[in-house]
Structures are given as structure tokens and as C-alpha cells.
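Enquirer: Here are the chains, one letter per residue:
There are 4 protein chains.
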Amino acid sequence: SDGEFFPNVPKIEYKGEDSKDPLSYRFYNPEEEIMGKKMKDWLRFSVCYWHTFRGKGADPFGFPTMKRHYDDESDSMENAKRRADAAFELFTKLGVEYYTFHDRDIAPEGKTLEESNKNLDEMVDYLMELQKKTGVKLLWGTQNLFSNPRYMNGAFTNPDAHVLAYACSQVKKVLDINHKLGGENLVFWGGREGYQSILNTDIKRECDHMATVFKMALKYKQENNMTAQFLIEPKPREPTKHQYDYDAQTTIAFLHTYGLEKDFKLNIEPNHTTLAGHDFEHDCIISSKYGMLGSIDANTGDPLLGWDTDQFPSDPKKAALVMGAVIDQGGLGSGGLNFDCKVRRESTDDVDLFIGHVGAMDTYARALRIAAKIREEGTLPGMIKERYSSFDSGFGKKVEEGTATLEDCEKYIQENGEPEQRSGKQELYEMILNHYV
Amino acid sequence: SDGEFFPNVPKIEYKGEDSKDPLSYRFYNPEEEIMGKKMKDWLRFSVCYWHTFRGKGADPFGFPTMKRHYDDESDSMENAKRRADAAFELFTKLGVEYYTFHDRDIAPEGKTLEESNKNLDEMVDYLMELQKKTGVKLLWGTQNLFSNPRYMNGAFTNPDAHVLAYACSQVKKVLDINHKLGGENLVFWGGREGYQSILNTDIKRECDHMATVFKMALKYKQENNMTAQFLIEPKPREPTKHQYDYDAQTTIAFLHTYGLEKDFKLNIEPNHTTLAGHDFEHDCIISSKYGMLGSIDANTGDPLLGWDTDQFPSDPKKAALVMGAVIDQGGLGSGGLNFDCKVRRESTDDVDLFIGHVGAMDTYARALRIAAKIREEGTLPGMIKERYSSFDSGFGKKVEEGTATLEDCEKYIQENGEPEQRSGKQELYEMILNHYV
Amino acid sequence: SDGEFFPNVPKIEYKGEDSKDPLSYRFYNPEEEIMGKKMKDWLRFSVCYWHTFRGKGADPFGFPTMKRHYDDESDSMENAKRRADAAFELFTKLGVEYYTFHDRDIAPEGKTLEESNKNLDEMVDYLMELQKKTGVKLLWGTQNLFSNPRYMNGAFTNPDAHVLAYACSQVKKVLDINHKLGGENLVFWGGREGYQSILNTDIKRECDHMATVFKMALKYKQENNMTAQFLIEPKPREPTKHQYDYDAQTTIAFLHTYGLEKDFKLNIEPNHTTLAGHDFEHDCIISSKYGMLGSIDANTGDPLLGWDTDQFPSDPKKAALVMGAVIDQGGLGSGGLNFDCKVRRESTDDVDLFIGHVGAMDTYARALRIAAKIREEGTLPGMIKERYSSFDSGFGKKVEEGTATLEDCEKYIQENGEPEQRSGKQELYEMILNHYV
Amino acid sequence: SDGEFFPNVPKIEYKGEDSKDPLSYRFYNPEEEIMGKKMKDWLRFSVCYWHTFRGKGADPFGFPTMKRHYDDESDSMENAKRRADAAFELFTKLGVEYYTFHDRDIAPEGKTLEESNKNLDEMVDYLMELQKKTGVKLLWGTQNLFSNPRYMNGAFTNPDAHVLAYACSQVKKVLDINHKLGGENLVFWGGREGYQSILNTDIKRECDHMATVFKMALKYKQENNMTAQFLIEPKPREPTKHQYDYDAQTTIAFLHTYGLEKDFKLNIEPNHTTLAGHDFEHDCIISSKYGMLGSIDANTGDPLLGWDTDQFPSDPKKAALVMGAVIDQGGLGSGGLNFDCKVRRESTDDVDLFIGHVGAMDTYARALRIAAKIREEGTLPGMIKERYSSFDSGFGKKVEEGTATLEDCEKYIQENGEPEQRSGKQELYEMILNHYV
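Residue numbers (the numbering used here), protein chains in the order written: chain A, 1 to 437; chain B, 1 to 437; chain C, 1 to 437; chain D, 1 to 437.
A hint or two may mislead.
Here are the computed lysine to aspartate or glutamate pairs in the DMTMM-like style, where the Cα-Cα straight-line distance is at most 25 Å [to be verified]: (1) B:LYS241 <-> D:GLU410; (2) A:LYS215 <-> B:GLU401; (3) C:LYS398 <-> D:ASP208; (4) B:LYS398 <-> A:GLU122; (5) B:LYS241 <-> A:ASP328; (6) A:LYS411 <-> B:GLU114; (7) D:LYS397 <-> C:ASP208; (8) C:LYS118 <-> D:GLU418; (9) A:LYS132 <-> A:GLU122; (10) A:LYS67 <-> C:ASP208; (11) A:LYS111 <-> B:ASP408; (12) C:LYS373 <-> B:ASP408; (13) C:LYS318 <-> B:ASP75; (14) C:LYS219 <-> D:ASP350.
Keep in mind the hints are simulated off the structure, nothing from the lab. The structure displayed is predicted, hence computed values, not measured ones.
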């Protein structure tokens, strides 16, 4: 038989491009080598616990639509464990080696901090066993500092120091359990670190507090010899009107301003990137170029919708631009491609959970093949290199080396006059890219 | 008589709130003191040369609509001087003490750099005379690195070093003439410093070059004992698809990354801010809070339009949030409120140039009165102060001082349990603000 | 004492513009006559039941924040009645004469249709009593066809006829109870009548079904001698990706296509209008001009946010453009200004419910005063009339009468040549409008 | 040799999917039959005159970038003819059988209407010869009522009847020349038929005038036995803030309101569709479903940019949704796929004109193959049919036939109770679509 929770779903296998079986991979062949590395090591897929095991299809206008036979919707520890069992069956059948969670996803929040922490401890032991049994690893843990009403005015940036203290207590606990479970990173998403109205907000004081908390967390990490890479996940808005970690570069500005730029990288979510007005791939590429791309929440949004839809990605061309950046930086390091995605609330069958992941994994596997082929054939990279070649020697090289002056520039023009026009050839680049997709 | 160029427009006078004369100020009373400073010194109004004296109403779908009797539309020096005469008549009649220009606004571009520079020199002498005669001063000059086709692929970030050299030659000249004319600032707007397609672009190499040019300019400034404050003007897009100086915080990230944060401030344009997805006032406030607000291009856009409309502002409530930030930082320093605004292309009467400025100046003058009254009465500032008062003593103060640890936080919660809920009261803040508007 | 449920809130009184009491009206003086009609009869304010008595501050990222001492959050009839009592105390203290509801707001949904209907019957009797006792009237009722999971794929446009049948059963019941309670209108909001993905959707067949249901409802209305005005409320998206009633004109297209244009008017919500890419006032004005403005859900959104925020309005200038349209059509008829608004989820005090409404009512009362003054003074209307005066006689009049031909036009140009240029003077219009605000 | 104007560009041939020659088709094989029709007859490609032969790369921030050796940029008739020769060489080398123009694209505007018309007559004779020689046909002509300053306040909706008369004179002439050249359609794009500010605008009177002009044009068409299909091209905004023909359904509302729905179809431009907040394919599909899809301006925009970029399309998946609608309605009738596209202003080489078209034609040819294969294999269409099958018999069929009542619906629920839940399976549809792309 095929397991306890999803008996009708087999282990998903690679069957090649012509397969019409929706429960097979057409492009993802985990052990296949691409550019000197196994596909699974380039892609480092991860399933997220919240959407796939805690999300039930509620939206601002409707009640939950999804019933799972393994989830009685109670807050009992027994239910929490049964959900974990189901989760690891899904991870294993998909062949995904990583997962991610918020503290409140895996264990019920208690009436007090102590009770919540006790629940966490029990579940962490349980997850440890499941990890050992299956070989599935923790990509990262994070603290949920946005669902509980106490955080309505912010967590690290709450006007009330008492709430900040509560948030920090959660951070401390997550640092501990993440370490225990071997979490390779630890994510900070400041969902309510921002403002609804600038009229009642002291934004400078709030940002100062946020930086202070990050410093406390770093200190605790160092004192306890923890190694998880700290990651900040930018988002421009929702639930707040304006979130302080608006996008990759706003977050980099924050880190530099407070001297934190060496201790943090970014966890980029394309759906957040498009909400900030940038292309799907932009924040991945810009972070990567500045050595700040730590991990990716590999979802997609709808460019015409103004909220986070967290959809499973299905556009190999867009994904190929992301995988290109990943290849160019030599891989994701301790990060991964985490499916911060939810099946649509109308996709209510259990099997839809698998279909969503299989489609997304194949989208990124196809993207990896495309990006690798582009680099191996070299046409597009060569065109770009040639385009900037005036900086490889002579006057241009002097500019790159930082030794040219304004006077040198003027002299160069006096001697060489007007530059020649060179076409940017965008349509040609687009056409050639289509050869690979 | 009333001048040569606008004979039917009198000197605009303050006539008080009940005036129905569109050629009078209802709120702007330049010498009146508000919070210890003259209105004109808080507001430091400036007229821009390009929209008001070079813009003629062309748009992407239509030819110019505006004829000016003082502009024969030739590229002659005589025409350039007549335009300058008209400009100074307008400045004087409005009672505005500052103006701003791009190099190509004031003097025709020649066939060679030498010829362009010669034209500039002649016009600079002419403007010096007009400045002396009228007392009008130069708020800032800047280089036009976007109109000429040579800059189609960027100026400082052009893939061709030859173009970069040309752009730097223009910068050198503008540094010189700005200094000669006593320009209090110098602005860099990177209109084409960005990309149309990420497919043909090496964004890291381009940003490196941009930083290198800024360093050349700083060196030249220092070596020549110039004092103008350098300002960068962010804009998210248009004409490029993505501009590297996307918004205030992206620009701050750039400055920190390249070690330039001490030598530059920002020139914030609200229309650019809303194009980046932020409220009108956001980039002014965030820049101000981090000591980076240098000057303001006091226009407005339409939040439903996706392009720069550069409209004259007419919303005193929005402007009051900006003036609040200006008051809180003690004034604009060497900066000003520069009307980077154009009359609509359908507003073709000469007098519309005056009406646009009078309406905008009154909007900001009214805004100053509102913002000052809010501070003098103290209700809203007091509510905000009270909201954060838990950080003024005890545990909260320890957090602000940076001496609290995660362990302290946890201990605080163990002792004090769940925080009390405190309403954010946004509707009350909005209601009270309406008392002042 | 001041009532059972909000003991600390007095009856809200008009205290004039200088009042600093947040629980007083500065502009709303219900019995005062403006342009021949009492303020309350121009404004016809209405409180909505769902946000103010059923909303608790949940958002997509957070649990409810609001506790009401009169609501034990159970699904009991007793609780439903206590909420109704509290609601009528709020209506009465505000001095609002209308309210609105969805069927599921006022009575708990049962396990079967019969049980739900039985609950409704009991609550309708209860509300009848409260209406009689207080004089508060029902502006409109509507059916909730979006919250229950059965409607996840649409109600009237569900691919399953079974679901359509269920939706129609609810409509039938709401027609009955709305009639019984004297509801002056009946609203259809097609929250899930649209698509999430065009890939799985037959949009034509779905729209045909929607029209068929409207015809069934009309037939039932006529056969039962009901008089409520049917209203459709457009919205572009959310919860669906694309809603068929996108905006006012899309809905008018639908009504015409299916021959329903005489039997329906529109209920316009400014927040939905801005989500569709139009200005706050646009859909009110365009509907009004074509005789289709039936009622207004008087809220506001944030033009930079891509979802429905349903905020209490606080911009008198925008509201004045809406009230201008209302004055121009002689009033709202059977419609009203219904506050489809919710206090922010951070505004958790009971009194915030009052502050939100008081601020909004004053915004619209101030707007009415502004719009009336503009019409009474006549400056702006006169400028517009003059602008189009070429159509009042001669050739222009012939065009308006529909008797001119293309040949006439050509002849006119042959005789008269090029037209003179006339400035649109937008800045002057904006300046003059500011005189009134 | 390969022609006079583009000597280095050969006739573009179909070379199959593996071709790496940018001047070859990989997918477009004009004579190949797909679903019973030649590819060229499904696609009916058309080149537009304005972008490709009159556009020179100016943008709101920059001067023209493109020099064409065959265009001396004068307004002479000789130059106009040389441009026409070059155009027909490009049409022929691409193998495109249709073209489109505005009156002012093909012949210089004169000082008077008479002079303009005389220029047109001369050029029409010239084009007739070129059409005969090459077999290239006119898809549609249209009148430019937006570039000349006289139209700054609108053409058909201008507040000045004199301007309306001028616009109508142009319409009359275009009707004549379009007829003479065998134009199969005639397009109305109301670029300035809208408002910049609602404050100075009587929108009802303006829309009435627009309808009146359409009626004059219809009358003239009928009286002169012309057969061109009239088409309206919707656009939401730009150059105006709000254009009356906002999108497909707004335009349909307008046509119905004024009784014009039988005499007009729509010319849909995907870039305009996305500017209106809809998906690329939405307006094509919705128009098609209601029998209103007349022709397509086959370009694309950038969903993150708020202005019309008129790019050559390069996304076969999006284009396949459009071609699916075209197949489902049995072809485009008298319409075509007109490339209302411009090469980027940085794409300054002559050959870029070809590369842009070749890439776009291949995108749509590939799309046709995808859409046909989806229909031939039948998997996706079958899933949709099954999804709505409850309406094919029994109660559902009664609903479709319009004979069910609300009472029937209630009875159905009383007998059948709660419907079963059926998953929408969006992820499965997306995955299967990816099999074809």
C-alpha cells in the first residue's frame, strides 16, 4: 500500500517529458547531473507547513473550504502529531528533502508562554524522530508574530514594550528549537512591522527597536554557538499598509543603516517582489549580485492582483531567470526553493496538494535545464559580455579601476568626439530566449 | 507698467483667505512669521526652468500645444536670452526667490561639447546679471543626461565607456557653472540609469560604474572647493522600465553599499514616490527621519496613473504631512520646495503658468499653517508620544538603550504575562487631523 | 444612563465646526435645510450590520482582535438578539435612520435551508419590533452568497446547477424578509460571480446563468407585488480574480446585453471604484449621468492598496464630488449613503465604532455643504456651461439635435477653417474648488 | 539582390523549430494547414505604418533615436512615397499580407483641410499601385484625431463644436480613401475622447456627441455603399486620464446605450487590456463570446508599467489563449492580427524592425499550433465541458432554458439538500496547459 494518509498517491517518479501522468515528474530527475551538480542540490526543494498543512482555504470573504481526514481541526497534541505524520508522508512521496515552519504551525499555542513552549518541546521531539526516519531536513524555522491579536500593532515595532518582550520570547524559543532540529537558516518576516497609518506612528523609533531586537537575536545566536543563517524576508505591504522591509533594497538599506549587513541575508519571495512593483525575478537577481540572496520562497503571484496569492509557479521562463541567478552564484548555499504556495481555495481534493507541488517542482526543474543550457551554449552570456567590452581595456578599464577623473573623461571626449550608436537589441534577446523555452 | 512678457499679470500679493482673485495669495504671506521663521524661509519656493520655460505640451500622442510670444522656438542664443528674461519676470512677479535648471534648458546644445560649453558660458554670464538684478538665486543645477539619443542606453551606466565619458564631461561643466552661479545644491537624476530589459543588462557592473562616477564628481567638488550639497533624486521607472534609484530607501542602500552615504542627500519628488507605491509624503518623511532629506520637488501625481504627470499640487492635507516633516527637522537647509510641475498641455494660456504656481504655493503655505498649528496645539503629537511612553522608562528604556537581552524579554513575560490590548485609534487621528484642514 | 450596551457614549449632537468633542457632529445638523431639503434627507445615512456588528478584525494574516461584551461569539439566537439590541442602540445614538444586512448577518445559518429560514423568521420578527420602537428603517437587505464553502466556485455562476439552486433559494427568502421589513431596495453583490482562472471557466455560460437568475428574481418580485428597487453592486475583483460586475459600465453592458437595464440600478462603492482603476467619484458620477445611480456604499479605500479596505471616509473634497452628483440628480431616491466601512482591526475600543461613523458622517455632511455652496454660488457650474456653449446654438446645436451630417461638418470647416485654441484651465478649476474646501 | 531599402535582409522563410537564424520563421509556415485552414488565414498578419515607418524612438524624456536612410524626415511628398516603397519592401520580405494606417501616417498634413486631402489623394493613388504590385492589402485605415494640437481637448468630445466639425471632416475623408483602397475595416480609436479632469468636463454631453458622430459616420457609410466593418478600439487612459472607451465591456455598454451595438465590433489591443486591469487575453475572449471581436492589435505591454509600451509579443502561452478564442469563433473574419508594436527606442538598427516582427509572428504561429493541439487532443476542453455538465440535463437544463423559477430552486434544495463539493482543480489545468507550451 501507499501509506496511511494519501493512499491513492504513489511515490512521484520522473517519467520524462512526454509523460501525461499528473503524478509524475516530466523534468525533475533528482539525481541527474546538470553543470556538475545534481538537480536536487541545485534546487533544494522545501515544502512549507503552514499553507499545505495548516491552510484550509479561508479568505477575507469566505470560510474554510478544505477538510482533511487526518485533521480533526482540534488544538490537541494528538492532532498536531497526526498532521506531522501526514506531512512527512507528503514530503517523502514528493521526494522533497526540506521543510519549513512557524512555531505556531507545528504545535498549538497555549494559554501562557510556558504552555506554548511546552507544546513546542513535545512536538520538536516528535519531528526529530520523523526527520531521522525519513531523512527530511529543516530548511528553516520562524516565529509567527502576526496571527495572535497581541501583535496587531506590530511585534518588534509595537508601541508597547510589553508586546516587544513577548515577541522576543518567541524568537528565543524558535532559536532554540531551530537549532535542535538542525534548521539551516532562520527567517524573520516582519508581517506587522510597518504602519497602517503614518498619523499615529513614530517610524524612526519603531525601526530603531527592530534593529535592537535583531542585535539581541544575534547575540543569543553567538553566545549559544548556533550556526543558522539569519534571513529577512521582504514584503511591501499586507497585512500592514506599509511594511518596513518593503523589498530587497529597502531591507539592505535598513541592514546597512544599523550595521547588520554582514549578519543577515535575504529570503526572497517572487510574489512579494511583484507586489513591490518589480518583476518576479528582480529581487532574486539584485540580492544575488550583492551577495545577499540566501533563500527563495518559490511561489508566484498574479501581476494584476494587489494581494499575496501565494500560487504554485507555472511559468518556466520566469523561473529560468531566477535559476540563472542561482547558477551564477554557484547554488543556494544553505538556502532552498521553499514552496510558500497554497492550492487555490477551490482546489479541495487531497490530491491537489500533490498536483500543486509536482507542477511547481517541474516548473523549476525545467527552468534549471533552460538556464543551464543558456549558459552552456553561451550565446546570450556572450552577447552581454560583448556589450560591455569597452570596459575591459583602455579608458573603460581605467574607469572600472576607479582611477579615471572627470578631467580624463572630458579629455577623452575632446579627442574622440561623439560616441557611435549601438542598438540595445532587446527583441533579439527575447527571440533567442524563446529558443530555449 | 507690468513688465514686458506678462503685461497682464501683476505682482502677486497676499490678500488673505477670502480673496477670490486667482492672481493673489490666500495663504502665502512671505514675511509672516510662523514658529519663529518667516514663511518664505520655511518654504523656499523655487520655479523650474524646464517645465515652465521649455515645456510646450507635447505628449506621447500629441505635438506641442503651447506657443509663447517670447519664444520663437529657435535654438538661437538670442531666443535663450529672451526666455531667461521672461523667466525672471515670472519669478519676480510670483515673489519666488529660487530657480533650478538642467544645462540644456538654459543654453542650446551645440554640435560638439566645446560648442555646448561655450553656449553655456555665455548664458551663465547672462543669468548672473539677472540674478544680481532681481535677487533671485539658484537652488540647484543639474545635467540633462537623458534627452540626447546618445544616452538611450544610459549615461553613467551605459554599456559603452565612451558614453560614460561624455556624461562625465557634462557633469564637470555643470559643477563649474553651478558653482559660479552660487547653486546651493547639485542634483543627480538618473533618468536612464536603469534597464529596459534585464536580458541584455549586467546590473551589477552598471551600478558599480554609477558609484565610480559619483566618486569622480565628489573628488572634483573637493579639489575645487565647491560647497553645493549633492542630491540624488529617486524615481522607480520611466523612461526606463526599472531605474536603479527606485525610491528613497533603495537609493540609501546604494549609497551605503558604495560608502557614499555621508556625501549625498536626497531630492524627493512626491510624484516619483507614489509611482514607487508609497504615499505622497512617505519618502519625504523616511528620508527626513534618517537625516537624508535635502530638497523637495513639490509636485503631485495622480495615484491611478502609471506615469509621471508632474502636476501642481492642490491637496493641503497631503502637503501638511510633508511640511510637518520639514518643521520637525528644523527647515530644509540648503534645499527648497521646487515646483517640478507643468501646467496641463490643455492649459495653453500664458496666465495659466501663474495660476499653476499661485495655486501650488498657496497649497504649501496653507499646509505650513496646518502643520504648525498641529505642533503648536500639541494634541496629535501628544497622542503619539503617549502611545510610545512604555519605552521612556523601565524595561522599555532598557530596550531603547540596547542593553536588554532575549533572556530579559522572556523573564519580563514570565513575570508580567500577556500584554493588555491598546486600540490604535486610527479613525480618531484622522478625525482630529480634519479639524486642522 | 445612556443605554445598556454603550453606556459611556451619549446621543451624538451637532455642536458646530469648532467643537473638539470627537463624539459630536461639527457639520451634520440633520434637520438643517440645504438647497430646499433637510440634511438628513440628502444624506440618508445607513449603518451596515456586517462590519459593525459581525466584523471582529480578522485579516488574512491574523485572528480576530475585537471582543464585544454584548457578543459571546456563539451561534445562538439569544446572542443574535443581543447583537440586534446593541445595533439599534448605536443607530439611535448616532441618529442614523437606516441600516442594511445580509441574511447571514442577522441570524445564524442552520444545518439545513429550513433551519436557516426558521432562524431568519424569528429574527425578522425581532427586528420588526426594534424598527417600530426606534423608527430606524431598512435601506436594503441582501443574500450572503460568498461565505459558505458551497459557494467557492460561484453562486449564480457556479458550474454546478445544484449550487445555483441553493443560491436562488436564499434569494427567494431574502426577497420575502426584505419585503416584510420594508426594505426600500435589494442588493445583489456577486462576490464570487467571476473566475479565479480562465482556464477552467466558460464565462459565457456563467454570465447567461447569472442573467437567468436575475430574471427569476424579477418575476418573483412582480408576482408578489414587491417594490424594492433592485441594485447590483459592481466590484472588479476580490475574492475572485475577475468579477463579472467589474465596474459601473461593465455592469451596464451586462444589463443591456440581457435586456435588464430597466429593472436594475447600481449600488456604487467608491472603494470598489478605485480598485477598478477609476477615481473615487467616477462610478457615482457616470452611473448618475445615465440614470443608474441607486445607492452608495459610502466608504473609501487606499489608492495604493490592491484590496478592499472598506475604510471610513475622511476626505471632504472627494466626498463633495459625489454629493454634487447626488444634488444634480435631485437626491438618492430610495437609496442612501450606507457605511460599508469597518474600523481598522487595531481600533479595538467599543467607542471606535462611534468615532468611525461620526467622522464619516461629518465628512459627508461637510461635503454636502461644499457641493451645495458650489452650486449656489455658480462659479464652477457657470465655467463649465460656458465651455460647452458652442453647442447651444448654430452648427453645434444642429449636432446636438442629430441632424448634422459629415458633409455639413466638412462644409463648416471649408467655411471657417482652423478652430481657435481654448485653454482647458484645469489648474484654475482646481484652485477655485479649493476655495470651497 | 535583395531590394533597395533593406539590402541585407532576405525574404524571411520558414526553416523549422531548430533554426537559429533570427531572420527565419521557426513556427510560421504560411501555407501549412491547421484545423482545416492555412496558417496565414488564421493569423492574417498586418504591419502598422505608424510605429514601423513613422516612429523614431522619441519618448517623454528623450529625442528620436532612429535614423532611416530612406527617410529624410522632411514633410515632402517625395519622402512620403519613399517611405511607402520601403514599407512595401518590408511587408513583402516578411510575407505579411496586410497593413494599417492613420491618414497622417501616409501623407503630410497640409496647412488646410483641402491641402491635407490633396496630399492624401496623391498618396492613395501611389499606395494603390503598390498594393496591386505586391498583393498586400489594407486591413484598416483610421483617422489621427489626437496628434494635432487642435484635438487637445478631444475630437468628437471636444467642448468646441468647431473642433468636432474638423474631426468629422477627417472621418469623411478616411471613409472615402479607405473604401478606395479596399480597407476591410475602419477603426475608431478615441485617444483624446475622455477627460483630464472631471472638474471641467460634462461627461454626458461629451458621450452624447460621440454617439452622434458615430451615427453620422454610419449614415455616410450606408449612403455610399461602403462595406468596411466599423471597429472601436478601447483603451482605459493615456493620453487622457480617463478614456470613455475604457475597455471592451465599457465600450459595449456605450454601444448599447446609444443603439449602436449592431453596427460596430471591437479592435482589441492586449496592451490596452492590461492597462485596464485585465489579463492580456481577457478582452479578446469576452468580446469574442459576445460576438464583438472584430480584430486584434497583437502587441503586449509590461504588467508592471502604467503606460502603453506597444511591445512585440514574445509569450506563446498568453498568445495561445487569444488564438484559442479565434479558433473557437472560426477565425477573425475581416479582422487580423495587426502588429501595433514598436521596436524599443534603443533597438536602432534597421534589421531590428524585421527581428521584432519575425519574433512576434513566430510567437503567434506557435500559439496557433498550441491552441489547435489543445482542441484536437480535447483534454482541456473535455474537462471544462464535464465541469458544466449538470446544466446539460434535468434541473440544470431547465435553468438554461429559462423556465425554472425561484420556487423550483427552493423545491430542488428541499429535495436534494446540500450540494457536494467539487474541486476547481486550477493547478491541474495549469499543469496540463504546460504540456502544450
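Enquirer: If a hint holds in the structure, say so; if it does not, say that too.
Expert: Status of the hints after comparison with the structure:
1. B:LYS241 <-> D:GLU410: Roughly 55 Å between the alpha carbons, so the hint for LYS241 of chain B and GLU410 of chain D is violated.
2. A:LYS215 <-> B:GLU401: Distance of about 12 Å is within 25 Å: holds.
3. C:LYS398 <-> D:ASP208: Roughly 13 Å separates the two Cα atoms, so the pair holds.
4. B:LYS398 <-> A:GLU122: violated (33 Å)
5. B:LYS241 <-> A:ASP328: Roughly 23 Å between the alpha carbons, so the hint for LYS241 of chain B and ASP328 of chain A holds.
6. A:LYS411 <-> B:GLU114: Holds. LYS411 of chain A to GLU114 of chain B sits at ~11 Å (cutoff 25 Å).
7. D:LYS397 <-> C:ASP208: Given that 25 Å is the threshold and the Cα spacing comes to 12 Å, the pair holds.
8. C:LYS118 <-> D:GLU418: holds (17 Å)
9. A:LYS132 <-> A:GLU122: Between LYS132 of chain A and GLU122 of chain A the Cα gap is close to 16 Å, so the pair holds against 25 Å.
10. A:LYS67 <-> C:ASP208: This hinted pair is violated, its Cα atoms lying about 32 Å apart.
11. A:LYS111 <-> B:ASP408: Holds - the C-alpha atoms of ASP408 of chain B and LYS111 of chain A are around 21 Å apart, at most 25 Å.
12. C:LYS373 <-> B:ASP408: violated (61 Å)
13. C:LYS318 <-> B:ASP75: violated (44 Å)
14. C:LYS219 <-> D:ASP350: Distance ~65 Å between LYS219 of chain C and ASP350 of chain D Cα, so the pair is violated.
Violated hints for the displayed structure, listed by number in ascending order: 1, 4, 10, 12, 13 and 14.
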